[in-house]
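**Student:** Just so you know, this note's numbering puts the end of the sequence shown at 910, numbered straight through with nothing missing.
The set of hints was computed from the structure by calculation and includes no laboratory data.
Check before you lean on any hint, since a few could be wrong.
Stated by the list, open to error - Computed spacing ranges between beta-carbons, pair by pair:
hint, residue 1, residue 2, range
1, Ile-848, Gln-882, 29 to 37 Å
2, Leu-860, Pro-886, 16 to 24 Å
3, Met-815, Leu-876, 20 to 28 Å
4, Gln-882, Arg-906, 32 to 40 Å
5, Gln-836, Ala-803, 18 to 26 Å
6, Lys-840, Gly-872, 37 to 45 Å
7, Trp-835, Met-893, 34 to 42 Å
8, Ala-803, Ile-880, 22 to 30 Å
9, Gly-817, Gln-887, 14 to 22 Å
10, Leu-804, Trp-835, 24 to 32 Å
As the structure is a prediction and not an experimental result, all values here were calculated from the model.
Beta carbons: idealized from backbone N, C-alpha and C, even for Gly.
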Amino acid sequence: MLHALSIGLLLLTALMIGWIVFTFVHAWITETGSFWQRTLKAGKDSATIVWAEVVLVAGGLVAVLDKIATLTGDPSLATQIQQYLTPQIVSYVMMGIMCVNVWARLRTLNK
């Protein structure tokens, strides 16, 4: 039962990543303008949405990384990552993500 739930979450996460990347890339390709204009248009004119999608995709990839490593034949990848990804580093990354999130939200509020 737990194994089936794990596979279900893996598939759901992979579908989420795929959908976000597909919709963003499709919108980005169909838009015109500079790199940043197209990026904002793909994010529905919101830097907050663009940033949220980047964080979702990165988080989803990290969440399924150990399963992908096992499928590719390198089960020790999770151990190698945990060696460098200490709780202190994770907290700094989370603070950085939230700083960008606040900046992006304040930017869209001032429009």
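**Student:** Evaluate each hint against the coordinates.
**Tutor:** Do the hints match the structure? See the list:
| no. | hint | result |
| --- | --- | --- |
| 1 | Ile-848 <-> Gln-882: 29 to 37 Å | holds (34 Å) |
| 2 | Leu-860 <-> Pro-886: 16 to 24 Å | holds (20 Å) |
| 3 | Met-815 <-> Leu-876: 20 to 28 Å | holds (21 Å) |
| 4 | Gln-882 <-> Arg-906: 32 to 40 Å | holds (37 Å) |
| 5 | Gln-836 <-> Ala-803: 18 to 26 Å | violated (45 Å) |
| 6 | Lys-840 <-> Gly-872: 37 to 45 Å | holds (41 Å) |
| 7 | Trp-835 <-> Met-893: 34 to 42 Å | violated (25 Å) |
| 8 | Ala-803 <-> Ile-880: 22 to 30 Å | holds (26 Å) |
| 9 | Gly-817 <-> Gln-887: 14 to 22 Å | violated (32 Å) |
| 10 | Leu-804 <-> Trp-835: 24 to 32 Å | violated (41 Å) |
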